[in-house]
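Chemist: What follows is each chain in one-letter form.
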Amino acid sequence: MVNKEGRQGLTLISPTLLYALLMLAAPLAMVVTFSFWTQDYLEVNTTLTLNNYREAWSQPLYRVLIARSLSISLIVTFVTVILAFPIAYYLSFKVTRRKSLWLFLITVPFWTSYLLRVFLWKVILGYNGVLNTAFLELGFITEPLTFLLYNANAVVLTLAHAWAPFAILPIFVALEKIDRSLLEAAEDLGDGPLRRFFRITLPLAMPGVIAAILIVMIPTVGDFITPKLVGGTDGLMIANMIQIQFGKANNAPLGAALAVTSMVIVAAISIVIFLTGKRLGGRVK
Amino acid sequence: MSRVLKFISARWMVTYAVAYMIFLYAPVVLLPVFALNDATIIAFPLSGFTTNWFVVLWHTEALHGAIRNSLFVAVTAAILSTVLGSFAARASARYSFPAKRSIMGFIMLPLVLPEIIVAVALLVVMMRLGMSLSLWTVVAGHILICTPFAIAIMSSAFQGLDQSLEEASLDLGETRVGTFLRITLPLVMPGVISSLLICFTISLDEFIIAFFLTGTDVTLPVYIWSQLRFPTKLPSIMALGTILLVLSIGLLIIAEWFRRRASKKQGLEASPTGGFV
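For the record, the sequence lines run as chains Z and R. By the count of the numbering used here, the first sequence reaches residue 285 at its end, each step adding exactly one. By the count of the numbering used here, the second sequence reaches residue 277 at its end, each step adding exactly one.
What the hints contain is simulated information worked out from the structure, not anything from laboratory work. For clarity, every value in this text was computed on a predicted model and none was experimentally measured. We treat Cβ as the ideally placed atom computed from N, Cα and C, and that holds for glycine. Incorrect hints may appear among the rest.
[Unchecked claim] Estimated spans, in silico, between C-beta atoms of each pair:
(1) Z:Asn51 with R:Ser47: 43 to 49 Å
(2) Z:Asp234 with R:Phe49: 36 to 42 Å
(3) R:Gly250 with Z:Asp40: 49 to 55 Å
(4) Z:Arg279 with R:Thr60: 54 to 60 Å
(5) R:Met131 with Z:Val264: 25 to 31 Å
(6) Z:Leu182 with R:Trp136: 40 to 46 Å
(7) Z:Asp40 with R:Ile254: 52 to 58 Å
(8) R:Leu71 with Z:Arg279: 47 to 53 Å
(9) R:Phe49 with Z:Ile273: 48 to 54 Å
(10) R:Ala62 with Z:Asp40: 50 to 56 Å
(11) Z:Phe78 with R:Met131: 38 to 44 Å
Work out the full structure: start from the sequences and follow the hints.
Modeler: Below is the structure:
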C-alpha cells in the first residue's frame with residue numbers, strides 16, 4: 001500500500017520518469033527487437049531470426065573489433081585510473097587550501113569541445129606534430145617518430161586524457177571520506193607509510209576506484225571519434241562498425257545486434273569488476 | 001631516513017601534479033596558439049601573428065546556420081532538462097516513495113550509457129515511426145543526457161532548502177503555487193541557473209547524438225566534424241574552437257559562482273565536486 005507521501009513523490013517524479021521510459025527504455029527495447037529482424041534492401045523484414053547474431057559472432061572482422069574495443073577500453077581504464085589516483089590522493093591529503101579551485105581547474109579542459117581536443121592530440125602526436133618538432137629541436141631524435149599516431153597507443157592516450165576528471169572525482173570523494181584517525185592509529189600501531197597505504201587507505205578508497213573504473217570503462221567502449229581521428233586502421237573499434245552499419249552499409253539490424261552484443265559483454269564485465277571491488281574493499285564497522 | 005623519504009615523496013607529488021596538469025591542458029593551450037598563427041598548416045614552428053582566421057569565420061555563411069541551430073538545440077534542451085531534472089531532484093530530496101532507488105538509477109542511466117547506444121536507440125525509433133530527423137530529434141536526445149546533470153545540481157539545491165520556510169508560508173495562508181513562486185523558487189534559483197548553464201554547455205558540445213539524429217540542419221559540432229576533413233579550413237576551425245573555449249569557460253565560471261552562492265544562501269559549504277558524486 002502506497003501512503004500519501006509515496007504517492008506525492010511518485011506524482012512529482014512521473015514527468016521525468018515518463019520521459020525516460022518513452023525516450024530511453026522503449027528505444028532500447030526497440031534496438032533489441034530490431035536486432036532480431038533483417039534488412040531487405042529498403043524494407044525491414046520483421047520475421048524474428050538469429051541471423052544477425054550469427055553473423056556478428058562468427059565473422060572474424062566483428063570479433064576482432066569487439067575484442068579490440070574491450071582490450072583498448074580496459075587498458076584506457078587501467079591507465080586513466082592509475083594516473084588519476086596520485087592526483088586524487090594529492091588533492092585529498094596534501095592540498096589544504098583552495099581544493100575547489102584545483103578541482104575546477106581539473107574539470108575545465110573536459111568542458112571544451114571533445115572533437116577539437118581529440119583533433120589537437122592528432123596535432124601533438126603527428127609526423128610534423130608538436131612532440132616530434134620539439135624532440136627534433138632538442139636533438140633527442142634525428143628523424144620524426146612514426147609510432148606516436150594512428151595506432152592503438154594514440155587511442156589509449158587520447159581517451160585517458162578525455163576521461164581524466166571522471167576518474168579523479170570519484171576517487172577524491174572516497175579519499176575525503178576516510179577517517180584520518182584510522183591512519184594515525186595504523187601509524188601508532190607500527191605500520192610504515194607503505195603498509196599503512198595498502199592496509200588502510202587503498203581498501204577504504206576502493207568504492208571510489210571501482211566507480212572510476214566503471215565510469216571510464218563503459219563509455220569508452222562506445223567511442224568512435226577518437227578511433228576514427230587518431231586510431232588509424234588498427235585502432236578502429238566496434239562503435240565505428242556500428243556507425244557504418246547504421247549509415248553507409250544500411251544494415252541497421254546488424255548494427256543493432258553488434259550494439260546489443262557489446263553492451264551485454266560490457267555489462268557482464270562491469271558486474272564482475274563491481275563484485276571483485278566489493279570483496280577487496282575495506283569496511284569500517 | 002624517514003624524513004628524507006617524506007621530503008622526496010612530497011616533492012614527487014607536487015612534480016607529478018604539475019606534470020599531470022600540463023598533460024590535461026596541453027591540447028587546450030594549443031587551440032588559441034594555432035588560431036592566431038599566420039599559416040594554413042597546423043604545425044610548429046609558428047610563422048606570425050594574425051587575427052585573420054577570426055575574420056574568415058565572420059564571412060562563412062554555413063557556420064552561421066550551424067550556430068543558430070546549435071543555440072536553438074542547446075537553449076531548448078537546457079530548459080527542458082532543467083525542468084525535468086528539478087521534478088526528479090525535488091521528489092528524491094523531499095519524498096520517499098516505492099522503488100525510489102531503481103527509478104532514480106534508471107533516470108541517471110544515460111550518465112554511464114555510451115552515447116552511441118542512446119543515439120542508435122533513438123534513431124531506430126525514428127526510423128520505425130517514419131519520423132524525419134530534425135533539430136527536435138537532437139533536442140530529445142540531449143534532454144536524456146543533460147537531465148542527470150540537472151538532477152545532480154538541483155538535488156544539492158533542494159537538499160539545502162529549509163523545509164520549515166515552505167511550511168511557514170503555507171501556514172500563513174499562501175497557496176501551494178504561491179509558496180513555490182515566492183519561497184521555493186527564489187531559494188533554489190542559483191541552482192536553476194547553474195543547471196541551465198551546465199546543460200547548455202553539454203548540449204552545445206555534444207557530437208555523437210547530434211551526428212546520428214540530425215537531419216539537414218547541422219549543429220555546430222557536426223559542422224566542425226565535416227570541416228576537419230579539409231586541411232585549408234583547419235585554422236579557422238581553430239579560431240572557432242578558441243571562441244567556444246572562452247565561451248565555455250565563461251559560462252562555467254558563472255555556473256560555479258551561482259552554485260556557491262546557492263550553498264552560501266543556505267548556510268552550507270559548497271561541495272567541491274559540484275554534487276556530481
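Chemist: For Z:Asp40 and R:Ile254, compare the CB-CB distance with the range 52 to 58 Å and indicate the outcome.
Modeler: At roughly 53 Å between Cβ atoms, R:Ile254 and Z:Asp40 fall inside 52 to 58 Å, so the hint holds.
Chemist: How does the Cβ-Cβ distance of Z:Phe78 and R:Met131 compare with 38 to 44 Å: does it lie in that range?
Modeler: holds, 42 Å
Chemist: Okay, R:Met131 versus Z:Val264 on CB: inside 25 to 31 Å?
Modeler: holds, 28 Å
Chemist: For the pair Z:Leu182 and R:Trp136, does the Cβ-Cβ distance stay inside 40 to 46 Å?
Modeler: Given about 54 Å between the Cβ atoms, the range is violated.
Chemist: When you take the CB atoms of R:Phe49 and Z:Ile273, is the distance between them in 48 to 54 Å?
Modeler: holds, 50 Å
Chemist: Lying within 47 to 53 Å: is that true of the beta-carbon distance R:Leu71 to Z:Arg279?
Modeler: holds, 49 Å
Chemist: Taking 49 to 55 Å as the stated bounds, is the beta-carbon spacing between R:Gly250 and Z:Asp40 within them?
Modeler: At roughly 52 Å between Cβ atoms, Z:Asp40 and R:Gly250 fall inside 49 to 55 Å, so the hint holds.
Chemist: That 50 to 56 Å hint for R:Ala62 and Z:Asp40 (C-beta), does it hold up?
Modeler: At roughly 37 Å between Cβ atoms, Z:Asp40 and R:Ala62 fall outside 50 to 56 Å, so the hint is violated.
Chemist: Does the beta carbon distance between Z:Asp234 and R:Phe49 stay inside 36 to 42 Å, or does it fall outside?
Modeler: With Cβ atoms ~39 Å apart, the hint holds.
Chemist: For Z:Asn51 and R:Ser47, compare the CB-CB distance with the range 43 to 49 Å and indicate the outcome.
Modeler: violated, 57 Å
Chemist: How does the Cβ-Cβ distance of Z:Arg279 and R:Thr60 compare with 54 to 60 Å: does it lie in that range?
Modeler: holds, 57 Å
This entry does not satisfy hints 1, 6, 10, going by the numbered hints stated previously.
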